[in-house]
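Chemist: Model the placement of chain F on the given structure of chain G, informed by the hints.
Protein chains in written order, with this note's numbering: chain G, 1 to 404; chain F, 1001 to 1480.
Mixed in with the good hints, there may be bad ones.
In the SDA-like style, the derived pairs of lysine to any residue whose C-alpha atoms are separated by at most 20 Å in a straight line are [what the hints assert, rightly or not]:
#1 G/Lys41 x F/Phe1169
#2 G/Lys333 x G/Thr310
#3 G/Lys41 x F/Gly1073
#4 G/Lys378 x G/Pro309
Honestly, the hints are just simulated from the structure, not real lab data.
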Amino acid sequence: MLDTVIPRMILLRTTGVIVASLAFGCSSDKAEFGPPKQLTKEQRPTVWDASNQDRLGLPDMRGTAGVAAAGGAAASGAGAGGGGKQWGGTTPDGWESQPANPARFRDAQWKIAGQPDTDIYFTASVGGGVTGNLTRWYRDQFGQPTVPAPEALEIVELAGGTGRLADITGTFQGKAGWAALIAFRWQGEQVTSLKFTGPAAIVKAQRSAFLEVAKSLRQASASPNPKAPPIEPGQPLPPNHPPMGDGTPSPVHGAAPHAAPAAAPAASPFTATIPTGWTAKAGTSRALHHTFGSDGEVYVSQLGGGLKPTLDIWRGEVSLQPMSDAEFQALPKAAFLGDDAVLLDLQGNFQSMSGKQIQGARVLVMARVDSNSITFAKLVGPAADVAPQVDAFRTFCGSVRRKS
Amino acid sequence: VKRTAPPDATWPASAATAPDAAPPPSTAPKTAVVAAAAPPRARGLGPAILGFLGSMRLAMWLVLLLAALTWLGTLAQTTRSTYDVQREYFESWFVLAELELSFWGKPLWFRTDGTPFALRIPLPGAYPVMALLFANLIVGGLLRMKWQARNVGILVTHVGIALLLVAGFVKLHYSWSGSLMLYETPADGNRAPGRNYESSVFRSFQEFELAVLREVGDRIEERVVPESALYGARHNGRVTVRGEGLPFAVEVHHWMDFAKVVPKGPNFTATNPVVDGAVLMEDKHPPGEQPEAGRETAGCYVTIVGNGGERIEGLLWGFERQPFDRQRYPLTFTIGGERFGLDLRHTMYELPFALRLDKFQKLDHPGTLTPRDFRSFVSVLGDGQPRTAEVFMNNPLRQDGYVVYQASWGPQNMAGPPWFTGLEVSYNPSDIWPALACGVIFLGLLLHFVSKLRRFLGSSTHDALAKRALDRAATGGNAS
Chain G
1 MLDTVIPRMI LLRTTGVIVA SLAFGCSSDK AEFGPPKQLT KEQRPTVWDA SNQDRLGLPD
61 MRGTAGVAAA GGAAASGAGA GGGGKQWGGT TPDGWESQPA NPARFRDAQW KIAGQPDTDI
121 YFTASVGGGV TGNLTRWYRD QFGQPTVPAP EALEIVELAG GTGRLADITG TFQGKAGWAA
181 LIAFRWQGEQ VTSLKFTGPA AIVKAQRSAF LEVAKSLRQA SASPNPKAPP IEPGQPLPPN
241 HPPMGDGTPS PVHGAAPHAA PAAAPAASPF TATIPTGWTA KAGTSRALHH TFGSDGEVYV
301 SQLGGGLKPT LDIWRGEVSL QPMSDAEFQA LPKAAFLGDD AVLLDLQGNF QSMSGKQIQG
361 ARVLVMARVD SNSITFAKLV GPAADVAPQV DAFRTFCGSV RRKS
Chain F
1001 VKRTAPPDAT WPASAATAPD AAPPPSTAPK TAVVAAAAPP RARGLGPAIL GFLGSMRLAM
1061 WLVLLLAALT WLGTLAQTTR STYDVQREYF ESWFVLAELE LSFWGKPLWF RTDGTPFALR
1121 IPLPGAYPVM ALLFANLIVG GLLRMKWQAR NVGILVTHVG IALLLVAGFV KLHYSWSGSL
1181 MLYETPADGN RAPGRNYESS VFRSFQEFEL AVLREVGDRI EERVVPESAL YGARHNGRVT
1241 VRGEGLPFAV EVHHWMDFAK VVPKGPNFTA TNPVVDGAVL MEDKHPPGEQ PEAGRETAGC
1301 YVTIVGNGGE RIEGLLWGFE RQPFDRQRYP LTFTIGGERF GLDLRHTMYE LPFALRLDKF
1361 QKLDHPGTLT PRDFRSFVSV LGDGQPRTAE VFMNNPLRQD GYVVYQASWG PQNMAGPPWF
1421 TGLEVSYNPS DIWPALACGV IFLGLLLHFV SKLRRFLGSS THDALAKRAL DRAATGGNAS
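Excised from the complex, chain G in its bound form (with noise of 0.2 Å):
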């Protein structure tokens, strides 16, 4: 009968499902490539042979071997996502510097003079994560019950910025006191550190030193040929190089670009021959964006709008009046991306529209109008700071070239 048999279809309906549910969910250990197809090499062009950093979009982690410090300097080669580019620190009195080892991700090392038992080493921007590597180091190193929030440790400068401490006692690695000093700031899941391990009683005797050292940290550009200028990120490489790590993003499939390989530069469209002292920016979206000085920094970038108004809401960021015609069109020209760009030329208090304030600022903007936008270079710093960098920046201005 219908209403006893539907029950049972029910039932029976419930049980394929739940049949062809566990054909479908439980996957096989076993699959089979299907059959060949012959293509052309035009068809799959293909590089062969290649290594694990071009194929896999990874930057250039391991770099050529260290250089050994000199003149009172720390300096390392390329270093673990510091993008070919060199460190280097003060070396302290009753310290010795010791060659930079990017194969075990140390882009600068110390030793205490005369106590091989100390460890000094920093690393640049490595994954792991800040959880993470706090926890290795209190409970997986130290042994350590228990492990701080970062917010709840010590303030410290770390290479141009701003990171905190770790000061840990304790048995490490079986040797009991002994003690470290970690300085160490993140972004995302990269951490960068100073560590500092050997016996307590050293370790805490250095402890100013150490904070010198981590003060004293900076990102230098280094080439092999000291004529070449340096390689930017985004620059093209070579010839039938692999075109990988240089920070190119890479679009997927008809959406918005693609996250770039791990850890690889931000992308920049543009070339240039980057002055001596400028210091290369990470984590930005502008182009061959750096800082110089205390407070300095330095950027191309494109607009929409026209050239006037747009120079006058620059005027406005050091609280100028916008310019007449005739000042407009009196501005100084100088070379930029190959043809003339007005040069601006402004002091004052510098608020700008994202509340970054500078008292006694100057702000050179070199602009042209470029298509149907407004290409320009902005370098902005306190005036003491710009005063020595105007012809750098006029230099810098006319080797910027679009990437072909």
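Modeler: Structure of chain F alone, referenced to chain G:
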């Protein structure tokens, strides 16, 4: 009015009047009669199955299930990508739907690990539900439809709904789509090496495949296995892939749908194998970012086991480089003196023609860099003379059964010109079926409405109403 209306016997409602029933003597409109003949009493399993498949009760439950799946699937999209939810809820046979218990956006209960508690509701996926609905439509129509001229509209409407379901089935199983990204071809012919200026290959948005390649003379021999065959390698699983004539097997393990590769540094302990200094890790969307499967890159580890017992460990990541670089960089290894490549990549589809981007045009809103129009000027390269076409929003290129849409452009970091274009390529045999189905449904409803109207105009009810209206007009509106 004599009515026989068992709760399960009203379909199709308007066609259910018993053929031998006398015209209703009352003033009630004839069309209001919804009495239906009872379904044939079941005699044996076959008729019982047919009776069940064609029942209104089943239709009601199926529609309720579809509503529940749609609601739960929509909620799931707050934390999962649309693609994943579509696959899990709407293209599957079975789903364990999650419903977070909350009030006004605030979770009511939490698990011990602090995550909100969610009910897990086992439900059939929308796939079997819609298949049953299709069967229900057909069987119900056949069993209950009165084959009379006045029911043509109902019949046509049912055909339209069935066509809509068939279109969905064909799209699911026999269509594919992906992206093709091309750089503007330099006018001076000075092409940058590796860049994708013209191509006859497009790549799936979300799906991956594992390909084994080898050079055979001046050609490349390629074999592929789809990612769905490798899902057994998720978590702690391991899938062994073989190919006829290949001197090795590939053991795939640690499969991750969304992976990233990072250099293994000293600051973290890798839970996955480290291969040549690199480690594969599960990735996740940044907080606040709507999950999007198109941004998820699959990855896995492989162990290549030669027939002679050799073992080679490798790491694969389906990183996409087009249009900056059209080349692929497979994991290269040598077995038995022969070189092979293993490549994890987005599923690649061949077009019967090639496309070249001759020019890309982007027009901005005044005073901004926000585009108000962007379009691609392409050449279609086939066997004959190339033909040019303009692809822009709502103006796709149709060629050999494929449809090419304007989807995106770049670089969006101020680097153009030169620009590149992002085209969506779609192949769908049922492309216009939904539009046809809507037309058929419209026609069916129109026929049904006209049929009803005609019957009403010829009915005694209409006559009575007309007479009453005339009386009212004659008495100056005072007739009651």
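Chemist: Of the numbered hints stated earlier in the document, which are not met by this structure?
Modeler: 1 and 3
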